[in-house]
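**Q** Residues per chain are reported as follows:
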Amino acid sequence: MGSRRRRRRRRGGAGAGQQPEQQAEQQAQQEGRGLKATIDSFGGFLTIGVVVATVVIVAALIWFNRPGGSNAVGGGEFEYQGSSAPVDGKLLGALDAPVRIVAYEDFDCGFCGDFSRETKPLIEEEYVNQGIVSIEYRHLAVLGPDSDRAAAASECAADQNLFWPYHDVLFQRKGSTGWASEGNLKDFAREVAAALPEGAFDLDTFDSCLESGVKEAVVRAETEEAQALFDQLGTRASTPSFFINGALRIRGAQPIETFREVIDSLLPDDGG
Amino acid sequence: MAFLLARRRDLLLALAIAGVAVAGYLSWVALDEEQEAACSGVGDCQTVQSSEFAEIAGVPIAVLGLGMYLALLALIAARRWWAALRDGEAPPQALAGLTFALALGGTLYSAYLTWLELFEIEAICVWCVGSAVIVTLLMLLAAPDLRAEPRDIEADAGPS
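Going down the list, the protein sequences come from chains A and B. With my numbering as the guide, the letters of the first sequence map in order to residues 1 to 272. With my numbering as the guide, the letters of the second sequence map in order to residues 1001 to 1160.
Just chain B, same shape as in the assembly:
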């Protein structure tokens, strides 16, 4: 756990990249009718991918997920390299807020999709479950950034 927290920023970046990869694959499968999701014998990805819940207003959920992961990756990368790119300036707190909010939204919606898989579609897609785990971890690991940095608190308190 301590290791996870120590490498939190690295993990956030790695998870966002993993999310882009998973959602990218599912988007490719969703957009190319010739393709079927490879499930390696676990669950039934194709049933989930071809269910009526796999789209909102004609847009595949996987594509929405890809957009979310790309945005998360951009936010996490911006926060991570902000200081280097902006001459030591601390990253704006809004970046942390947006990252957490986006990951929270992804987590809530993934929870709903997992419920749909279990009780409505009655088939499980390992890629979708993998994405749900990734976005949940992203939310949990992004949460500590919501607290103001120690130096911000000190700055707020002013010189003693």
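If we strip away everything but chain A, and leave its shape as in the complex, we get:
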């Protein structure tokens, strides 16, 4: 240290008579040392690098987990196709339709979603809208908290005779675990409301119903009833399962051809 001080003193002494270029060079050197000291005071380049990397990682995590981001359920704007068939709560189609499909489903079940998105619209178009088939939805909510919450919310929508549009938004928005949070379920209701004529969906009533939890018992009772029915038949309760005119005829997300075959076989013209 002593030698450095001596060197500095010697440089300082020489500086009194320095040229401007030398002074500028010396100042630059001092600034360089100042920068190094500043960096050192923050723990050195390694620490600064790690801190910067951490901030970048946090920004990436926030980006991936942003509202409406990749972790959010579904995507795109919800559009309700609607139906020309009559609707009575969870029954879609004419009361006196010769074929009644009772669908046991769970809103957290992937195959139920497949059926709902791919096959049900075709059945509606070909049979329900003609008054040939009616579809009744029944809860078999067995896949955990998301199932229970989504089913209870659908019952709240059913109170306003809006079960089917809400059913459609649920199957469109189903995501990873936790997708059917109370906040999401309310958001889905708002999506449905936006797709319907103004004032058709009383969101305050829906929210109150959801918050009260009053429909959980309804879902539980219907699920227990369904399980008892499957027990009676000596078969495992699985979703989706379709009882057609009283008999369990189709299980799983079968293609439209399978439904056509069964429905056509039951129509009076075909001797069913």
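Simulated from the structure, these hints should not be mistaken for lab results. Among the clues, some could well be false.
Taking lysine to aspartate or glutamate pairs in the EDC-like style, the calculated list, with each CA pair at most 16 Å apart, reads [to be verified]:
no.	chain 1	residue 1	chain 2	residue 2
1	A	Lys186	A	Glu211
2	A	Lys174	A	Asp187
3	A	Lys186	B	Glu1120
4	A	Lys186	A	Asp204
5	A	Lys186	B	Glu1089
6	A	Lys174	A	Glu216
Under 8 Å between C-beta atoms, here's a sample of chain B residues computed to sit facing chain A [stated by the list, open to error]:
no.	residue
7	Tyr1025
8	Trp1028
9	Thr1047
10	Glu1055
11	Ile1056
12	Ala1094
13	Leu1095
14	Gly1097
15	Ala1101
16	Leu1104
17	Gly1105
18	Leu1118
Note that CB positions come from ideal geometry on N, CA and C, so glycine has one too.
We have chain A; now place chain B onto it with these hints.
**A** Same frame as chain A, now just chain B:
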């Protein structure tokens, strides 16, 4: 305040252990679908835990938090007992930098999660808020270690 600073190293260790406990509990609740977070009537932990923000790419945030606290605990413990284990050798400055950076990341992300709770999910989880407080304290208490030790400065200056 003086007491806090005097016992800073102890507090860092205690906070990291508390963080592991809180994140461990939340991870257990997140991974076991049968479990619901106990909130003791304060806030709505289950709504927060089951929101779409509770996971990133299928990994519960609580598990990420547990990983962070375990890493912080390892770094703090390493720094604390480095000298004892390494024959009096001073702990590398990188340990302090990593500890601070990790706690800073946790603090920033916790701030974002708290914002989500208040304005997006509209429910508060006391465990999550507790974790946010813990990681913020960890960051603040880890910051003084970023400065080089007095003996390092003297060593850098060389013998006078």
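**Q** Work down the list of hints and note, for each, if the structure agrees.
**A** Checked hints:
Distance restraint check for Lys186 (chain A) and Glu211 (chain A): the Cα-Cα separation of roughly 10 Å lies within the 16 Å cut-off, and the hinted pair is therefore satisfied. About 13 Å separates the Cα atoms of Lys174 (chain A) and Asp187 (chain A), which keeps this hinted pair within 16 Å; it holds. For a cut-off of 16 Å, the pair hint linking Lys186 (chain A) to Glu1120 (chain B) stands: about 12 Å separates their Cα positions. For the hint linking Lys186 (chain A) to Asp204 (chain A), the alpha-carbon distance of about 10 Å falls within 16 Å, and the restraint holds.
For the hint linking Lys186 (chain A) to Glu1089 (chain B), the alpha-carbon distance of about 59 Å lies beyond 16 Å, and the restraint is violated. Distance restraint check for Lys174 (chain A) and Glu216 (chain A): the Cα-Cα separation of roughly 19 Å exceeds the 16 Å cut-off, and the hinted pair is therefore not satisfied. With a least beta-carbon distance of about 17 Å to chain A, the hint placing Tyr1025 (chain B) at the interface is violated under the 8 Å criterion. For Trp1028 (chain B), the shortest C-beta to C-beta distance to chain A is roughly 15 Å, which exceeds 8 Å, and the interface hint is violated.
Hint on Thr1047 (chain B) holds. Least Cβ distance to chain A is approximately 5 Å, under the 8 Å limit. Because the beta carbon of Glu1055 (chain B) sits about 6 Å from the nearest beta carbon in chain A, less than 8 Å, this interface hint is met. Evaluation of the Ile1056 (chain B) hint against chain A yields a held restraint, the C-beta minimum of about 5 Å falling below 8 Å. Taking 8 Å as the C-beta contact cut-off toward chain A, the hint placing Ala1094 (chain B) at the interface holds, the least distance being around 6 Å.
With a least beta-carbon distance of about 10 Å to chain A, the hint placing Leu1095 (chain B) at the interface is violated under the 8 Å criterion. The beta carbon of Gly1097 (chain B) comes within 3 Å of a beta carbon in chain A, closer than 8 Å, and the hint placing it at the interface holds. Among the interface hints, the one on Ala1101 (chain B) holds; its C-beta lies about 4 Å from the nearest C-beta in chain A, closer than the 8 Å criterion. Because the smallest distance between the Cβ of Leu1104 (chain B) and any Cβ of chain A comes to about 6 Å, under 8 Å, the interface hint for this residue holds.
Among the interface hints, the one on Gly1105 (chain B) holds; its C-beta lies about 4 Å from the nearest C-beta in chain A, closer than the 8 Å criterion. Checking Leu1118 (chain B) against chain A: minimum C-beta separation of about 12 Å lies over 8 Å; hint violated.
Figure legend: structure checked against the earlier numbered hints; hints not met, in rising order: 5, 6, 7, 8, 13 and 18.
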